[in-house]
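K.L.:
Throw the hints in and build the complete structure from the sequences for me.
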Amino acid sequence: MPDTQELRINGKTVRVEADRDRTLLGVLRDDLGLTGSKYGCGEGRCGACTVMIDGAPARSCITKLGAVASREVTTIEGLERDGKLHPLQQAFLDAGAMQCAYCTSGMIVAGAALLRQNPSPSRQDIVEYMDGNICRCGTYHRIIAAIQSAARAVKEASR
Amino acid sequence: MNLPTESPDLAEPTPEIEFERYELREEPAYHFALDRRDFLKGLGGGLLVLYLLDRESPDAEAQESGRRRRGGFNRAPVPQDVGAWLHIGEDGKISVFTGKAEVGQNIRTSLTQAVAEELRVPMSAVTMVMADTRLTPFDMGTFGSRTTPDMSRRLHRAAAAARETLIDIAAETWKADRKDLAAKDGAVVQTTTGDRLAYGKLTGGRKLTRTVTDDTPVTPAERWTISGHDAAKVDGRSFVTGAHPYSCDIRRPGMWYGKVLRPPTYHASLVSVDSSAAQAMPDVKVVRDGDFVGVVAPSEQLAARALAAIRAEWKPGPAISDRDLFRDLKNPGGQRPPARGGRGGFGGPNGNAGSIADGLAAADVHSEGTYTIAYIAHAPLEPRAAVAEWANGELTVWTGTQRPFGVRGELMDAFKVPEARVRVIVPDTGSGYGGKHTGEAAVEAARLAREASRPVKLVWTREEEFTWAYFRPAGVIEIRAGVKKDGSITAWEFHNHNSGGSGVQCPYRAANQAVAFHPSQSPLRQGSYRALASTANHFARESHIDDLARAIGMDPLEFRLKNLKDERMRDVLTAAARAFGWGRKPESDHGIGIAVGTEKGGFVATCAEVAVDRSSGRVHVVRAVSAFDCGAVVNPDHLKNQVEGALVMGLGGALYEAIAFDNGKIQNPKFSKYRVPRFRDVPEIEVVLIDRKDVAPAGAGETPIVAIAPAVGNAIRNATGVRLRSMPMVPRGLKV
Ligand code: FES
Ligand code: FES
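Protein chains in written order, with our numbering: chain A, 1 to 159; chain B, 1001 to 1736.
FYI, nobody ran anything at the bench for these hints, they're computed from the structure.
Some hints could be false.
[What the hints assert, rightly or not] Stretch by stretch, here's where chain A covers chain B in the computed footprint (C-beta under 8 Å, at least three residues):
id : region
1  : 1101–1107
2  : 1290–1304
3  : 1663–1676
[Unchecked claim] Straight-line distance between alpha carbons at most 27 Å, and here's what the computed DSS-like set of lysine-lysine pairs gives:
id : chain 1 : residue 1 : chain 2 : residue 2
4  : B       : K1485     : B       : K1562
5  : B       : K1175     : B       : K1207
6  : B       : K1485     : B       : K1565
7  : A       : K64       : B       : K1670
8  : A       : K64       : B       : K1673
9  : B       : K1179     : B       : K1207
Yeah, the Cβ is synthetic: ideal placement off N, Cα and C, and Gly gets one too.
P.N.:
Structural data, given as C-alpha cells:
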C-alpha cells in the first residue's frame, strides 16, 4: 500500500505517495517526472540510473524508496545551478563525450561523484571508479578526457 | 601447413552471392501520401523547396514513379517522390524535414551543417524535423550508412536551390544584377550598396514552391565553411542536463504502463492462460489476443506484479542449443525452419575466376581454415520502448526505431488502419546499431492502449531486449588458399555459411578465386547489425591473409601491399601503419597486428597492440590505430567519435560477446552475464582521417568496425603463436 514519504531531491523536500519497496528509479521517473535518470539493466550493472545519495554514487534501479528517506538525493537534473552547467556537464559538451547520450546522465553523475571524492583523479582512478557504467556507443576515452578536463577547470576556477 | 587440396564439402556447386539478406528493408504495404500533401498546405507563407527523387538516382529505389522531373517553380509535386523538404517561413524560420532518425550517429548535427552551409546561416537558425511519419517525407530507414551519401546530398541541393531562388527574387525586387548579390547570414545582400533583404521578407506573403533534383549545383567541399568542420552536437545541452525526452521518457495525460507475457523458450506456443489472479487486482487490465497476453496498470510496479500473477502453460519448441550451432549452419535443415530474412544491400559480381585446383597446384604453400562467428546482441543502452495513444480512431506512437515508416506499416497491418490514421514519431533514440529496424514494442503498446482506452507506455526490460530482439547472424566461414614464395596468391576459396554476403569479396589479387555465400537456417531470430556480415568476413579473410604472409616469411603489411589492388585501401593501410609505428618490435608478451577492409564506400585499416597475461589469461588491447577514408569529411570530430566508438564496440564481438542458448532459452540475457566493453577494456586510440575533398562523402557509422577484430587476432598470433579462429576469440581468457 502506498505510503506518504518525504524525500530530499536536488535540495528540495518533496512528498510522494508510493510503496516503500518501489525502486527509487521508478519513483524519480514516473512519479516525479525526473526522467534524466535512465533504465538500462535494472540489476545495477550499467550505471544509466546513477544518482548521488548523500554525495556518493548509487544505482537507483536497485535502491528501494524506503532506503532514501531523510537522505539527500541528487539526480542529473540537480547538477545545473542557476542556469549554469556543472563543470562536468560543460566538459562533456566540450569533449563531445557522447553519441546517443543515453548513458550520459549516469556518466555525469558518477563522474561528478568521483570529482567530489577525488578532485584530481588519474586515468586509472577514473577507469576503476567508472567501470560499472556502460556506454554502448563506446565513447569511454572521451568521457575520461571530459572528467580530466573538468577536474582541471574546477582547480583553475578555485585558484 | 600443407593440407589436402580436395575437400568434398567445398566442391559442391555454390549459388551466386545473393543480396545481403539481413538488411531488413521491406517496403510498407501501402503508400498513400495525401496527409503529407495536407501538411504542406498547412505550412504558412514563404518558400518551400521539395527535393524530388530521380529514378536514375540511387535514392529512388524505394520510390514508385518512374517519371523524370526537372526543377522549376510551382509544379505540382507527386508527394511520394519527395525525398526531403525545406521551408523558409515569412518569419525567416528555416525548417527541414527528413525521415531519417537520430540514433546517436549525430546526423541531426551533420544534416544541419549541410543546410546551414548552403543557406549561409548559422546552424542555430535551422530546425531539423526528423523521423515523424506525419511531418516528414517517406524514408526507407536509417541504415546502410546511407544518410550521408543520400540525405546529406539532398539537403545540400535543396538548400542551395532555396538560396539561389531567394537571390533570383531579390534580383527581381531590386532590378539588380544577380552577380552583385550574395546570400549572407539569413539575407540577400547587395554587395554594391550594402542593402539587405531577409530571407523571410523576400517571399512577401506569397507561398512559393520550388522543386529540385539531383542536378542542382552545390558548394564544392573545398569551399565549405560549416560542413567539413567540427560543430557541437545539436541540442547537446539537453542531453547533458537529462532534459532530452527519449521514447521511454514520454509522458501522456492519463498514461498507464504495460507489460507483455513472454514465452519461457524460443518458439514455444501458448496452450492455456489463467489470468484470474491478475484480473482480480484493482485497476489492472489483462489483454489476451491469440498468443499475445499483456497487462496494463497505473504503475509499472503493479503491471509487473500482475504479470507475475498470470499462470500460463506453454508447449515448448525445439530444444535448440548453441552446442550444435556451427554444425547446423553448415548443414541447412538443422535446428528449425528458415528464419525471416530481408532483401537488399550487397550486390556486385562475386569475382569467381579460374580454377581453385589449378591455383592450389601452382602454390608453394597451402593453408586451410574454418572460422566461426557467434550470435551477438546489439544491446542498445535504451531498450525497445514505445508510448501508444489512440484518439478518435487515430493512433500515435512514440518509439525508438531506425525505420519509422516501416514501423508505421507494421502498425497499419496489425490494426487494419489506413496510413492517414497512424503516426509514428521517433524521438532522438538511445542508439540502434542496426538493432532497431522493427516495431515490436510499438505494436505491443498500441495493442494494450487500445484495450485500456488510454495511452500506454511499454519499456522492454534488459532481459526482453537480450532475448526477443534479433541478433547479429552467427556463421561459419571456410577458407582455402595457396600462395607462392614470392608472395603472389594463386588460389583463394571462401565460403560463408549464414552470416551474410557483405564484404565477402577478396580485395587481393588472386589468380584463381571462388567466393560464395550460403544461406542457412538460423535457430535464433537474426537481423541487421552495424556493418552486417562484413565484420565476420573481414575477420576470417584478414586472419587468413596474415597466416599466408607468415607461412612464406613475409611481413604482413608488405604482403598486403603487394597484393592489394585498390589505391584507397593501400593508402589507409600505409597511413595506419605509419601512425602506429609498424615494424617496431613489441615487448615480450605483447604482439602487434594489422588488418584492412572496405565496406559501404569507406576504407579502413587498423593496427592493434595486445598484451597477454599468461597467468590470468587476460588479453588486453593496449593500443589501436585506425586510418579511415570515407571521402570528403563532413564533421571531423564527430567522424572521429564514430570511428573510436566502432573500435570499442568491435572489441566486444572480437573478444568476449556471444549469445549462449540451450534448450531453447537464452542463457545470458543480462549485462552481468553478457560481457560488453567497459572502461577497463578501452585501449589508447588514435584515429587518422583521410579527407578526400574530391570524393562525395560516404557514411561512417559502420565501416570502421570491420578491421579491429582481425587486427587484434593477428596481434594475439604475433604475441603467442596461437591463431584464434572464433569470434569471440577469448570469451574465457586465453590459455597459452
Ligand atoms: S539501470 Fe541501474 S545500473 Fe543499469
Ligand atoms: S553515448 Fe550511447 S550509450 Fe553512451
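K.L.:
Would you mind marking each hint as holding or not holding in the structure?
P.N.:
Against the structure, the hints:
| no. | hint | in the structure |
| --- | --- | --- |
| 1 | 1101–1107 | holds (count 4) |
| 2 | 1290–1304 | holds (count 3) |
| 3 | 1663–1676 | holds (count 4) |
| 4 | B:K1485 - B:K1562 | 13 Å, holds |
| 5 | B:K1175 - B:K1207 | 21 Å, holds |
| 6 | B:K1485 - B:K1565 | 19 Å, holds |
| 7 | A:K64 - B:K1670 | 21 Å, holds |
| 8 | A:K64 - B:K1673 | 23 Å, holds |
| 9 | B:K1179 - B:K1207 | 26 Å, holds |
Violated hints are absent here; each numbered hint is respected by the structure.
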